[in-house]
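Here the sequence shown is numbered in the numbering used here, starting from 1 and rising by one per residue.
Derived by calculation from the structure, the hints in this document are not laboratory data.
Source: prediction; values computed, not measured.
Fair warning: there could be bad hints in the mix.
Cross-link-like lysine to any residue pairs, in silico, SDA-like; alpha carbons within 20 Å at most [claimed, not checked]:
hint	residue 1	residue 2
1	K15	F30
2	K2	G52
3	K23	Y95
4	K23	I55
5	K2	Q31
6	K15	Y95
7	K2	A80
8	K15	L60
9	K15	S71
10	K2	Y95
11	K23	V46
12	K2	F63
13	K15	R68
14	K15	A84
15	K2	E20
16	K23	V89
17	K15	G93
18	K15	G56
19	K23	A12
20	K15	A76
21	K23	L60
22	K2	S21
23	K2	E43
24	K23	A66
25	K2	S17
26	K2	K15
27	K15	V89
28	K23	A84
29	K23	T37
30	K23	T9
31	K23	V51
32	K23	V96
33	K23	R68
34	K15	E57
35	K2	S71
36	K15	E43
37	K15	A42
38	K23	Y44
39	K2	V46
40	K15	L86
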Amino acid sequence: MKLGRVIGTAVATVKSSGLESYKLLLVRDFQEDPNATPDESAEYYVAIDTVGAGIGEVVLVAFGSAARLSSTPLEAPVDAAIVAILDTVRVGGSYVFERR
């Protein structure tokens, strides 16, 4: 799993039946400083939203078979799924993220 920040949405009018009930969100790897200029070379990816996340939120993303297990039906073509919206992230005794 990885920490990420939701940066946008993706809309598909036609998609696999296993994806019809899911919102598609664009996620970028989490940066500790929210005011930092995003690294333009930083990868972003599409993930299905299983928890009702929104733009700007810090989320936990599962990949591969773990992502498929979080979705229904299990045969849905899913490689990344948002499985949690984080309230805090703490590293080395210091909070690097606190949801407001």
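Right, here's what the structure says about each hint:
Among the hinted pairs, K15 with F30 is inconsistent with the structure: their alpha-carbon atoms are about 28 Å apart, more than 20 Å. A threshold of 20 Å between alpha carbons decides the hint, and for K2 with G52 the separation of about 18 Å falls inside it, so the pair holds. This hinted pair does not check out: K23 and Y95 have alpha carbons roughly 30 Å apart, beyond 20 Å. Taking the CA atoms of K23 and I55, the gap is near 12 Å; set against the 20 Å cutoff, the hint holds.
The straight-line distance between the Cα atoms of K2 and Q31 is roughly 12 Å, inside the 20 Å bound, and the hint therefore holds. Only pairs whose Cα atoms come within 20 Å are accepted, and K15 paired with Y95 is rejected, the gap being roughly 39 Å. At most 20 Å may separate the alpha-carbon atoms for a hinted pair to count; K2 and A80 meet this at roughly 10 Å. Simply put, K15 and L60 have alpha-carbon atoms about 24 Å apart, too far for the 20 Å limit, and the pair is violated.
For the proposed pair K15 and S71, the alpha carbon gap of about 15 Å is at most 20 Å, so the pair holds. For the suggested pair K2 and Y95, the alpha carbons sit about 17 Å apart, so the restraint of at most 20 Å is met. This hinted pair checks out: K23 and V46 have alpha carbons roughly 10 Å apart, not beyond 20 Å. For the given pair, K2 sits about 8 Å from F63 by alpha-carbon distance, which is consistent with the 20 Å threshold.
For the proposed pair K15 and R68, the alpha carbon gap of about 16 Å is at most 20 Å, so the pair holds. Taken as a hint, the K15 and A84 pair is broken in the structure, with Cα atoms around 24 Å apart against an allowance of 20 Å. Distance restraint check for K2 and E20: the Cα-Cα separation of roughly 24 Å exceeds the 20 Å cut-off, and the hinted pair is therefore not satisfied. Proximity of K23 to V89 is assessed by CA-CA distance (about 25 Å); at most 20 Å being required, the pair is judged violated.
Between K15 and G93, the direct Cα distance comes to roughly 44 Å. Violation of the 20 Å bound is thereby established for this hinted pair. Taken as a hint, the K15 and G56 pair is broken in the structure, with Cα atoms around 25 Å apart against an allowance of 20 Å. Note on K23 and A12: the hinted pairing holds, with a Cα-Cα distance of about 9 Å set against a maximum of 20 Å. Restraint check: the Cα-Cα separation between K15 and A76 comes to about 11 Å, which is no more than 20 Å; the hinted pair holds.
Distance check on the hinted pair: K23 and L60 sit about 16 Å apart at the alpha-carbon level, within 20 Å; holds. In summary, the hint linking K2 to S21 is not supported, as the alpha carbons are separated by about 23 Å, beyond the 20 Å threshold. A hinted pair counts as satisfied when its Cα atoms are at most 20 Å apart, and K2 with E43 qualifies at roughly 12 Å. Of the pairs offered as hints, the one joining K23 and A66 holds, with about 18 Å between alpha carbons and a cut-off of 20 Å not exceeded.
Note on K2 and S17: the hinted pairing is violated, with a Cα-Cα distance of about 26 Å set against a maximum of 20 Å. At most 20 Å may separate the alpha-carbon atoms for a hinted pair to count; K2 and K15 exceed this at roughly 25 Å. For the hint pairing K15 with V89, the CA-to-CA distance comes to about 34 Å; that exceeds 20 Å, so the pair is violated. For a cut-off of 20 Å, the pair hint linking K23 to A84 stands: about 14 Å separates their Cα positions.
For the proposed pair K23 and T37, the alpha carbon gap of about 27 Å is over 20 Å, so the pair is violated. Straight-line distance between C-alpha atoms of K23 and T9 comes to about 8 Å, which keeps the hinted pair within the 20 Å bound. With a C-alpha separation of about 10 Å, the suggested pairing of K23 with V51 holds against the 20 Å cut-off. Proposed proximity of K23 and V96 is contradicted: the alpha carbons are some 28 Å apart, above 20 Å.
A threshold of 20 Å between alpha carbons decides the hint, and for K23 with R68 the separation of about 15 Å falls inside it, so the pair holds. Annotation: proposed proximity of K15 to E57 is violated, straight-line Cα distance about 25 Å (limit 20 Å). Taken as a hint, the K2 and S71 pair is honoured in the structure, with Cα atoms around 17 Å apart against an allowance of 20 Å. Simply put, K15 and E43 have alpha-carbon atoms about 23 Å apart, too far for the 20 Å limit, and the pair is violated.
For the hint pairing K15 with A42, the CA-to-CA distance comes to about 27 Å; that exceeds 20 Å, so the pair is violated. Simply put, K23 and Y44 have alpha-carbon atoms about 16 Å apart, close enough for the 20 Å limit, and the pair holds. Only pairs whose Cα atoms come within 20 Å are accepted, and K2 paired with V46 is accepted, the gap being roughly 13 Å. Proposed proximity of K15 and L86 is contradicted: the alpha carbons are some 28 Å apart, above 20 Å.
Consistency note: the structure conflicts with the earlier hints numbered 1, 3, 6, 8, 14, 15, 16, 17, 18, 22, 25, 26, 27, 29, 32, 34, 36, 37 and 40.
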